[in-house]
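Participant: Here is what each chain is made of, one letter per residue.
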Amino acid sequence: MGRKLLIEHVHVPGIETLEVYRSKGGYTSVEKAIKTMSPEAVVEEVKKSGLRGRGGAGFPTGLKWSFLAKPPGVARYLVCNADESEPGTFKDRYLMEKIPHALIEGMITSSYALGAHTSYIYIRGEYFYVARILEQAIDEAYAAGWLGKNILGSGYDLDLYVHIGAGAYICGEETALLESLEGKRGNPRIKPPFPAIAGLYGCPTVVNNVETIAAVVPIVNEGGCEYAKIGIGKSTGTKLISAGGHLNKPGVYEIEMSISVEEFIYSDEYCGGISGGKKLKACVPGGSSVPILPADLLLTTANGEKRMMTYESLSDGGFATGSMMGSGGFIAYNETACIVRNTWNFSRFYHHESCGQCSPCREGTGWMEKILHRLENGHGKMEDIDLLWDIQRKIEGNTICPLGDAAAWPVAAAIRHFREEFEYHVKYPEKIKDPNHFHKQSFLSSKQSVTI
Amino acid sequence: MSIKETKFNSETLALCHKLMKRYPEGKHKSALIPILHIAQAEFDGWLSSETMDYVASILKIQSIEVFEVASFYSMFNLKPIGKCMLEVCRTAPCWLNGADELVAYLEKKLGIKVGETTKDGMFTIKTVECLGSCGTSPMLQCGAKYYENLTNQKTDELLENLKRENKRQTYTAY
Ligand SMILES: Cc1cc2nc3c(=O)[nH]c(=O)nc-3n(C[C@H](O)[C@H](O)[C@H](O)COP(=O)(O)O)c2cc1C
Ligand code: SF4
Ligand code: FES
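Residue numbers (numbering that gives the first Met the number 0), protein chains in the order written: chain H, 0 to 451; chain L, 0 to 173.
In case anyone wonders, no lab produced these hints; they're calculated from the structure. Don't take each hint at face value.
Stated by the list, open to error - Dumping the calculated BS3-like pairs for lysine-lysine here, alpha-carbon to alpha-carbon at most 25 angstroms:
no. : chain 1 : residue 1 : chain 2 : residue 2
1   : L       : 26        : H       : 183
2   : L       : 118       : L       : 166
3   : H       : 432       : L       : 26
So that you can see chain H by itself, here it is in the shape it has in the complex (with noise of 0.2 angstroms):
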């Protein structure tokens, strides 16, 4: 079994009150920090920690942290973003559901750390309940004197909020997320200045993801010396998986990064092999915006080595042949699923996420989207398919924020691995009416070559 740091005693009863968080130590990392280490030294466990950012960029947090500007008598912000929409990823969810005090905790020693006295937690609209839920340990984080004036008699203040979103993938972004905070469209800013200079109400502001957050807790309750001791290189520590798809045992793991894709498929303590007796074909591993890998390379990578659950064996081939970690939405895909469909229903989900400030993401994620349903339905050409990755290569690099990135990598990376699975659809528009096409005969390709 491996170490759990985050989600330990999710199955506790009562975990999400006070009281029974603090029977399991709940609280010891505020109590460490503010008693007996200075904001900086807090900062300095992060860095020896080798945390590195949950939300999807894996940006190491104690470098971010250094970088916050603290112009004398200006306010500074923490802001957690738990705008989680990422198609596959639902961790975030699962922990402040299961344990809001891990949440709470880790913004308070952190915003001890940055010296914010204000912070917020930004919350996906349709997390209701679950703001429901952190607005109750809120309350009770009050009144047990952990927020408000003077915490702990040391004379730091720290007030915290939750903060309700109405449904906006866009949000997720970073400097998007502050627009909608500052009660505006989700427009993300063109970057610099960044938060760390110029963010929430044009003042030095750190976001950062959920999960970041509450590692920062057993960071400072075992110093971040121990905590790099897990895991491997510079994937340091553990990492909650929302693992979904056709799985057996689809849902939210807690990985020590130094597992092998391959446990964490099938073996029983995950994910428990692939559902239905079928074969695995294919994987996004970090959530819809990173690339789809046909199962051969998700499991070893190009050089035949096994692949590892870390940042850096996840990635390792670049876009050629590998991946990334993302934000940790694993979803797994069996010999039924069509990988063109899928693509389609990517493309749609950005074309109905984009912004629409930039013409290379609001009309190539539209043109992606028409051409997909196109060869989706039997009515694609050949040409289709060049035209898709032009399209893609034009989006990339070109826009203001990473969504438009986002939107062209798993077009890129479905025809990279899969050209023959949309040549087939053009070849064969009559096989393809019935949605559920490999539902009975399913497409599995010749062993898969990286055409372009």
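Given the coordinates of chain H, assemble chain L with the ligands onto it according to the supplied hints.
Facilitator: Same frame as chain H, but now just chain L with the ligands:
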């Protein structure tokens, strides 16, 4: 048509002012989205132009600023909806586990298509993007509640229960 006046009672109004205080002096516009949620729940599940004007007056901002925001976010309804809006997730992980079949089942059962409302004003079907419930798919959201791992039988039961309850299902966190 209801002829309810577009106005909160004093308790709800006090809640709005409490929410506005969560943000620094002069930044109370931040409370716009939370207050729009309250208004939508209060006034029949959608935001009419009167409702938006009213919200603008509470926050002392222009009506256009409210409309700008209301029209951006998918959870705000700018047209009337049924008492129970069944929001079915259609994104890939749910699709793999039967989201299309769930939509088809609802359409057949209720005799309406996605985007439509039943004649009695009870149900609206909407398709939405990933709701963070991919491991328990297929699923739908109605009001603040998630209904997960749905089967035909569980869907039947849900519709029956909602009919029996016969009340508007809304989100409200406060
Ligand atoms: C389109 C888009 C959506 C995003 N959605 C989320 C999200 O839902 N949750 C999240 O934590 N980060 C999301 N991110 C990443 C954030 O911009 C940001 O990098 C992250 O919150 C930083 O926190 P971390 O360093 O702790 O990962 C998204 C980014 C993009 C471009
Ligand atoms: S890339 Fe897309 S989502 Fe991002 S700012 Fe441009 S149009 Fe908006
Ligand atoms: S894809 Fe339906 S909840 Fe995520």
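Participant: Indicate, hint by hint, whether the structure satisfies it.
Facilitator: Results of checking the hints against the structure:
1. L:26 to H:183: Holds, because 12 angstroms separates the two Cα atoms, which is no more than 25 angstroms.
2. L:118 to L:166: Distance ~16 angstroms between residue 118 of chain L and residue 166 of chain L Cα, so the pair holds.
3. H:432 to L:26: 54 angstroms, violated
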